[in-house]
Amino acid sequence: MSPSRRDFLRTTAAATAAGLVLAGTGRAETAERAARLTNLVSPGDPAINELLMKALDAAKSAGADYADARVSLNRTQAIFTREKRVGGLSDNETFGVGVRVLVQGSWGFAATNELTPDAVARVARQAAAQAKASRAAERRPVTLAPAPGNQKGTWRSEAKVDPFTIPIEEKVQLLLSVNAAVMKNPQARFVTSNMFFLKEEKSYANTEGALFTQTIFRSQPTVTVTAVSKDFKDFQTRQSTDIQPMGRGYEHVTENKLEENAPRWADEAVQKLSAKPVEVGRYDLVLHPTHLWLTIHESVAHPTELDRAMGYEANYAGTSFVFPPEKMLGTLKYGSPLMNIRGDRSQPGSLAACGWDDDGVQPESFDIIKQGVFVDYQTTREQALWLDWYYKKLGKPTRSHGCSYSQSWADVQFQRMPNVNLLPGEKDLGWDDLIAATDNGIAIIGEGSFSIDQQRYNAQFGGQLFYEIKGGKIVGMLKDVAYQMRTPDFWGSLDMLGGQKSYFMGGAFNDGKGQPSQSNAVSHGCVPTRHRQINVINTGRQS
Amino acid sequence: MSRPQEPARVMSRDEARALAKRVLGFSTANETRVSINSGSRGNTRFAVNQVSTAGDNTDTTVVVRSVIGNKVGSASTNRLDDTGLKGVVEASERLAKLTPDDPELMPELEPQQYREGTSWNEGTAGLDPAARAAAVAKITGAARGAGLVSTGYLETTATAQAIANSKGLFAYNRDTGAALTTTVRTPDGSGSGWAGATSNAWDKIDPAALGARAVDKAKRSVGAVAVEPGRYTVVLEPTAVGNLVQLIAGSINARSADEGRSFFTKPGGGNKIGEKVVDERVTLVSDSFDPETLGAPFTADGLPTSRVPWIENGVVKNLNYDRYWAKKQGKEPTGVGGGFFSGSLAMSGGTETIESLIAGCERGLLVTRFWYIRPVDPRTILFTGLTRDGTFLIKGGKIAGAVRNLRFNESPIFMLNNLEAMGVPVRVSSGESGSAGGAIVMPPIRARDFNFTSLSDAI
Chain A
275 MSPSRRDFLR TTAAATAAGL VLAGTGRAET AERAARLTNL VSPGDPAINE LLMKALDAAK
335 SAGADYADAR VSLNRTQAIF TREKRVGGLS DNETFGVGVR VLVQGSWGFA ATNELTPDAV
395 ARVARQAAAQ AKASRAAERR PVTLAPAPGN QKGTWRSEAK VDPFTIPIEE KVQLLLSVNA
455 AVMKNPQARF VTSNMFFLKE EKSYANTEGA LFTQTIFRSQ PTVTVTAVSK DFKDFQTRQS
515 TDIQPMGRGY EHVTENKLEE NAPRWADEAV QKLSAKPVEV GRYDLVLHPT HLWLTIHESV
575 AHPTELDRAM GYEANYAGTS FVFPPEKMLG TLKYGSPLMN IRGDRSQPGS LAACGWDDDG
635 VQPESFDIIK QGVFVDYQTT REQALWLDWY YKKLGKPTRS HGCSYSQSWA DVQFQRMPNV
695 NLLPGEKDLG WDDLIAATDN GIAIIGEGSF SIDQQRYNAQ FGGQLFYEIK GGKIVGMLKD
755 VAYQMRTPDF WGSLDMLGGQ KSYFMGGAFN DGKGQPSQSN AVSHGCVPTR HRQINVINTG
815 RQS
Chain B
8 MSRPQEPARV MSRDEARALA KRVLGFSTAN ETRVSINSGS RGNTRFAVNQ VSTAGDNTDT
68 TVVVRSVIGN KVGSASTNRL DDTGLKGVVE ASERLAKLTP DDPELMPELE PQQYREGTSW
128 NEGTAGLDPA ARAAAVAKIT GAARGAGLVS TGYLETTATA QAIANSKGLF AYNRDTGAAL
188 TTTVRTPDGS GSGWAGATSN AWDKIDPAAL GARAVDKAKR SVGAVAVEPG RYTVVLEPTA
248 VGNLVQLIAG SINARSADEG RSFFTKPGGG NKIGEKVVDE RVTLVSDSFD PETLGAPFTA
308 DGLPTSRVPW IENGVVKNLN YDRYWAKKQG KEPTGVGGGF FSGSLAMSGG TETIESLIAG
368 CERGLLVTRF WYIRPVDPRT ILFTGLTRDG TFLIKGGKIA GAVRNLRFNE SPIFMLNNLE
428 AMGVPVRVSS GESGSAGGAI VMPPIRARDF NFTSLSDAI
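Chains as they are written, first to last, in our numbering: chain A, 275 to 817; chain B, 8 to 466.
It is possible that some hints are incorrect.
[As the list claims (entries may be wrong)] Listing some non-contacts, in silico: residues in chain A with all C-beta distances to chain B over 10 Å:
1. LYS334
2. VAL502
3. GLU533
4. ARG616
5. ASP662
6. TYR664
7. PRO671
8. GLN729
9. GLN734
10. SER767
[What the hints assert, rightly or not] Taking lysine-lysine pairs in the DSBU-like style, the calculated list, with each CA pair at most 30 Å apart, reads:
11. LYS504/A x LYS273/B
12. LYS504/A x LYS283/B
13. LYS174/B x LYS335/B
14. LYS531/A x LYS753/A
15. LYS283/B x LYS507/A
16. LYS273/B x LYS507/A
17. LYS226/B x LYS358/A
18. LYS507/A x LYS104/B
19. LYS458/A x LYS334/B
20. LYS507/A x LYS226/B
21. LYS753/A x LYS279/B
22. LYS531/A x LYS601/A
23. LYS504/A x LYS334/B
24. LYS507/A x LYS174/B
25. LYS550/A x LYS753/A
26. LYS273/B x LYS753/A
27. LYS335/B x LYS434/A
28. LYS504/A x LYS324/B
29. LYS434/A x LYS531/A
30. LYS458/A x LYS283/B
31. LYS507/A x LYS279/B
32. LYS279/B x LYS504/A
33. LYS358/A x LYS273/B
34. LYS273/B x LYS550/A
35. LYS145/B x LYS550/A
36. LYS458/A x LYS335/B
37. LYS338/B x LYS504/A
38. LYS335/B x LYS504/A
39. LYS531/A x LYS174/B
40. LYS507/A x LYS338/B
Calculated from the structure, these hints are not laboratory results.
Here a beta-carbon is modelled for each residue, glycine too, at the ideal position from N, C-alpha and C.
With the rest of the complex left out, here is chain B (with noise of 0.2 Å):
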């Protein structure tokens, strides 16, 4: 039988302020800055309807960003001994001492005050792999017993991240990630569908439930027909809409809008804060401290995170400006770590159901998820990829059968243009490769005039 497994192993406040204290003390420089991210990842895969492999391990890195005059130079390390540590002060002292000055040096935060993080979940952090392998026999054995194959993915994640500077400051927080996705596909490749769900907290995935709507579409998918490629309504599920919402994020830049090499950009020159973009119900936010996005209480130079709306009914409400860009527009910084990637993002919603989407289409297309989603001209923000694992045609307000699958052209902004109706957000799976990831909500949507560009004949 298994041993008892350690509890997730994360760094304490304590420890973590120990561990930036010794690196501290090593350090020469005029302004000394430490990261510590301290955790550990569990993971069990299935495939062919039992676990493929696992894995779990544990790490610290230590980052030192050391400033000498108006010269920056950085470092990291897993090594904590006391030579390891001294190693990586030495090597980023040293570049530092090499490296041109910097024109953009801004000067590191004085002591600051935070909200304490809530995403820590002792449950997700006691997952054991018994436990993931339980979990995981739910959506096995309900796959085997529909006479389908399913492959899928369970991880969980418990970290702690620490800042502290040279200059007294030191943030602290430890937060934990559990994602669940899985692909039921009948054993002739004929069908395939897909379930996920992700949280901080473990309880509030169901296992049993994600296999059971897995196992549905894997059998609804069989016997897809083709339909042309063209411009179609569609009815897109909460994780197709991540997908793509999502994507706004590499263009939430306010110094590339500025310098004239976004989608942000003002014709003419300057940037779209106050300009609508998109249908006047929409808007997005991130923030760290709402419980449906959890997020980080502190942004990776310092700055405590807030609440941001980037788009409010429709106009652009912030851009992200890093402490320099800030500084030199006459701005305030963004209390968001490198824009939506500090993990939460929402969307506005409305109270529509999948259901009652689809009910409301004459003629369209229902969109469980999206795959393999690459940019193609960033002055649209627009992207290709395919729909994947349950695509299904709509007639007369129901669903009327399975439908190939078929690649896109589209801009999240175009049709957040073309937006009909909202239903009513959840979390979703934020990346496409299963991971915890951040803590992404979205409503599903019914919008007109999808780009589809062709056909594919993968199921």
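Okay, chain A solo, but in the shape it has when bound (with noise of 0.2 Å):
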């Protein structure tokens, strides 16, 4: 890039950004202050792809045989209130660049959130120095497998309304009508109503030739409701689980009415009060999409990272029970045969959904289990290699199934598990045909208390609401309900699942792994599932 060119850039990356934070104050920006700007890009600007471009060629100078850089624009906004009162509002914005290289077979990253043409290459020059401190003599280096199919273009969430057009004044309105509806049940002392909002616009480039750009959009609305008994010895919450966060926009919100469900969580934490403590032992469990979508999170996404069956991420989320790969694949038996799993990037509204990960890939629908046995894990580029003997048997070629993911531009990407979605049962059943069939058990909604161990055995799940099902029929509500289970046994109780019109979409935002913790937004399409015999502990201890 000449002089004049970067200068001619500089200029008008500065106007642009100008334009995009003081639209509307009518004050225009001087040229000598625009000379003085640091940070000289927005999003969408030509001038990002100068930058981006400016990092690889400094990492294939500095000794990279592979590199890729990311620059993103993360735009959050948090909205928190509790019963008359606006308790937060913030928006908040991070912007930056972030390096990747392989030299030699060893990587490197750094990251900066200075956006000049000198602090890229320097980060660059800074990530390669990186990677060869890294090195050392007995190794084995990394390889990367091939990313198939198109790597340019850009990619945007399926939201209809992007959250940051929508007045605040709207949204805390509409959470403070949320919080007075809850209020009129004279039980329901305490609420909290909040909504988050992300947009994120990444950048992506490396030096296989990607080069693309993703608008990321994630929303939640949540509402928890606080009941506290007279004699001041007992209080209990209701979260709004039925909602869960989406890869979605606004409409996340207004479509899932609020308003009009407030006073059943109300309802339902007062009830909670005088529910009855569960008596420990072994129930059928039919369990709701609201709350299933976070044990199959935790005892069957988890598990089926291949880093972790590697012994990648030992010192912190833990190894796996799916280990090793070659005595489990297309072997073992994780579940009954009703029991049909697949990771997927490519769901409307899912929180994982993208046009590339990480690593420039495609990501690809692929089966993780299929009628209870095991077939596949989620791989990046780097893993794909690990499992070529597996593919190679298989004849399918050895790709990554599009895994890799960072949750910033400061932090290096690694293997983060798609959306990994249980699908329906063939018969067309639903949440009250599972009740219907079912003689003593416990009907759980909405994710609540949950632990698991390092390797995904052994896991403790609570919930929002318990009932007693007895005859077929809920007949009451209980509490202090948790359930204990070793993952192969339970999955293996599946008996009944719903079908298709039962389909629901749970998630998180915050799905924690790797050293530093990174967060993963994931969803985690279900059906409600029942499960023969679970053991049911009572956790309402007292001393």
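Each chain sits in its own coordinate frame; assemble them with the hints.
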């Protein structure tokens, strides 16, 4: 890039930035001020591509065999209210560049919030130096599987309404109306309601020619009602788990009718105060999709991550019982034949949907468990080659499933789960059908407490609402319920599941993994399930 | 060869003051607060006995809080050019104009006097990727030599924090953190041992010693046998004690207690300040200026931090009052930023060692650390989680061998009521994720009737 071209970009970029931030102020930026700017670019600006190329050039000059660079602007908005008060209102943005390099089979990564050509070149050199420093004599070098398909273009979440275009007053008023609707119930003494929105504009390039830009939206409204007993000896909460976080726009808020649902959440919180404590024992569990998604996340999605299985996460997130691969792939009986699990990043509105992963790979949908048998792991370009023998045996190409992700420009990408979904059953059953078919059981709605061991065998899950089922009918509410399970036994006990009409997508913004810990946003589509004779404990201890 | 790295870049006091002044210069609100967080993080991960990834990043975030009339808005950015800074002030003020009045609004503080923070360490700030790789090699080499497989994480942070407001308050602090943790496993996955340490000063961390401890535990944990779940006397290493005692932080808020939704709520109303809740040997203190628990000299809203005993001789002495709730209840605000999370917590201890705690145990379990600890019942601070990476059976005052891991459902409050004996407190790795985290100092303890509810197959 010639100096004159660079100056041109700098001026254009400054004007664009000023236009974005200062729209409506009517104050023109002077050329003098523009010249003082240190951050030169905004999303969509051609200068970003120039910066990406600068990073890749600098990395190659510093000895990189492969490099990729990501520039992202991550905007979030958070609104917190409690009762009649707005407790917090903030708009946040973080903008920067991260450069990853591979030097003689060793990774390096560096990142900065300074978006200037000099700074970008500096971090690229820093990443290369670090890769060299990390290299040791005895080691297995990193190699990358090919990235098939188109690697150029743009992708955007299927958000109908950009949440950042909705006036803040409208959002605040909605939340305060929700709180008022809750507090009409005198025993629902406390209520918090929040909204969180994200818009990420992410540009990526690598030394193999990939160059694309993606715009990602995420939205979640949440309401939590707390009921307190008159004698101050008990309190119970109800979270609005029937509304899950989604990769959608503001339509996710409006379509979910918070005000209409608020009185029910209040009633349910109050009912929990007088619910019957559960008797410990074995029960048939009927699990609602608003609850089950988290059980799938912990007991199916995490153990089928290949890096965990191979020991790469042993120091924090843990390893996996799905190990070693050569004894598990195509062999391990994970659950009942009703169980079919797929990895997917294409479903509209899902949190892990994207056009390309952070390796520059177009993701594919892939089977993880077929009719109860484990058939594949989640992979990145680095990992796919570890299973080369297996894919060759199957006669399939060895390619990444597109599971590379980083939470921000400041963090290095690594293997993160796509949406991992439980496929609907063939019979067109729904929630009520499963209840009606159950003689002595507990129905659980909404995610609650959750914990699982570092190899994903032993888990314990609570919930939001628990109902006693007798003779095919719900006969009353229970409290202090948690179930304990061993993963293959739990999924082996699956004997009924819902059909397509009962499919629902739950998920989380904050799936933690890695060191430093990074958050992944992921959805889990699923249907209601029934599991026979699961161990239930009572959590309401007093001493 | 690697080229020399730039030293960790954090903003100096003068740079922070100048940046804050620029931001305040754009403000038109009645009151404005600027919070600056600037710094860098370097990390090296290792797996299968070699470095797997590494990362270095630098960033500076500016948070603006604006008050217009009785309305409050907030916005943040890391774009430090005039456009970015002016934009963040305007965004904050726009939000403030559009929100309803805040009945709990507290005025910005007048200028305060602060003690100088002392948690900056040049050795930590200067640790470059080559030095990190050399430290890691001491562990991977030991593990490889023993025929074992090491995985782990080394992190250093160097940050500067500053607060300035439109009333002339200015506060500045810089600190460093270092953490090294490792999990060593047998190649067949039949044994696993963990060791870890954190400090603001890198030279207080001994990579070779950590590696040796994890290697030893990995070897000794092979061949674990099952024991029946149930109530056991436990000897908890300091890290395991820290895993559980820190959980009390989530309930330490005075307002939640006064509102009837906390363990610290008194039945019938009010809170438990003045009541005995745990064994009288237990004292829990946050003190940012104790050399063992160094933390920030000021809170997020600019109050000077002070020594706060939460529990003294088993009795609740303080709950965390923010400025609004303190005023409403006629109390002084607590000089910690968000309770224990100001980054410092120390528990009292005794004179015992791990060995003597074991020797004093007829039958029980020795626990290295806990994992996936999540709330179950906030009324009793009851949590669930599992043992991990070094769990052993004690018989007749001696370690009898490795046992399979177990799930617990237990409250740190119950545990500290069932206390038998305590050892000498030490700084522990504060979080499950192995990041530098807060300065947490805990003793090893022996406690009876610890509640294990199921067995895990996980190793």
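Results of checking the hints against the structure:
| no. | hint | result |
| --- | --- | --- |
| 1 | LYS334 | holds (16 Å) |
| 2 | VAL502 | violated (4 Å) |
| 3 | GLU533 | holds (17 Å) |
| 4 | ARG616 | holds (26 Å) |
| 5 | ASP662 | holds (18 Å) |
| 6 | TYR664 | holds (19 Å) |
| 7 | PRO671 | holds (26 Å) |
| 8 | GLN729 | violated (4 Å) |
| 9 | GLN734 | violated (5 Å) |
| 10 | SER767 | holds (16 Å) |
| 11 | LYS504/A x LYS273/B | holds (13 Å) |
| 12 | LYS504/A x LYS283/B | holds (24 Å) |
| 13 | LYS174/B x LYS335/B | holds (23 Å) |
| 14 | LYS531/A x LYS753/A | holds (27 Å) |
| 15 | LYS283/B x LYS507/A | holds (18 Å) |
| 16 | LYS273/B x LYS507/A | holds (8 Å) |
| 17 | LYS226/B x LYS358/A | violated (59 Å) |
| 18 | LYS507/A x LYS104/B | violated (41 Å) |
| 19 | LYS458/A x LYS334/B | holds (29 Å) |
| 20 | LYS507/A x LYS226/B | violated (48 Å) |
| 21 | LYS753/A x LYS279/B | holds (26 Å) |
| 22 | LYS531/A x LYS601/A | violated (49 Å) |
| 23 | LYS504/A x LYS334/B | holds (26 Å) |
| 24 | LYS507/A x LYS174/B | violated (44 Å) |
| 25 | LYS550/A x LYS753/A | holds (6 Å) |
| 26 | LYS273/B x LYS753/A | holds (22 Å) |
| 27 | LYS335/B x LYS434/A | violated (45 Å) |
| 28 | LYS504/A x LYS324/B | holds (26 Å) |
| 29 | LYS434/A x LYS531/A | holds (17 Å) |
| 30 | LYS458/A x LYS283/B | violated (38 Å) |
| 31 | LYS507/A x LYS279/B | holds (13 Å) |
| 32 | LYS279/B x LYS504/A | holds (18 Å) |
| 33 | LYS358/A x LYS273/B | holds (26 Å) |
| 34 | LYS273/B x LYS550/A | holds (23 Å) |
| 35 | LYS145/B x LYS550/A | violated (56 Å) |
| 36 | LYS458/A x LYS335/B | holds (25 Å) |
| 37 | LYS338/B x LYS504/A | holds (26 Å) |
| 38 | LYS335/B x LYS504/A | holds (23 Å) |
| 39 | LYS531/A x LYS174/B | violated (43 Å) |
| 40 | LYS507/A x LYS338/B | holds (25 Å) |
Checked against the numbered hints listed earlier, the structure breaks hints 2, 8, 9, 17, 18, 20, 22, 24, 27, 30, 35, 39; every other hint is satisfied.
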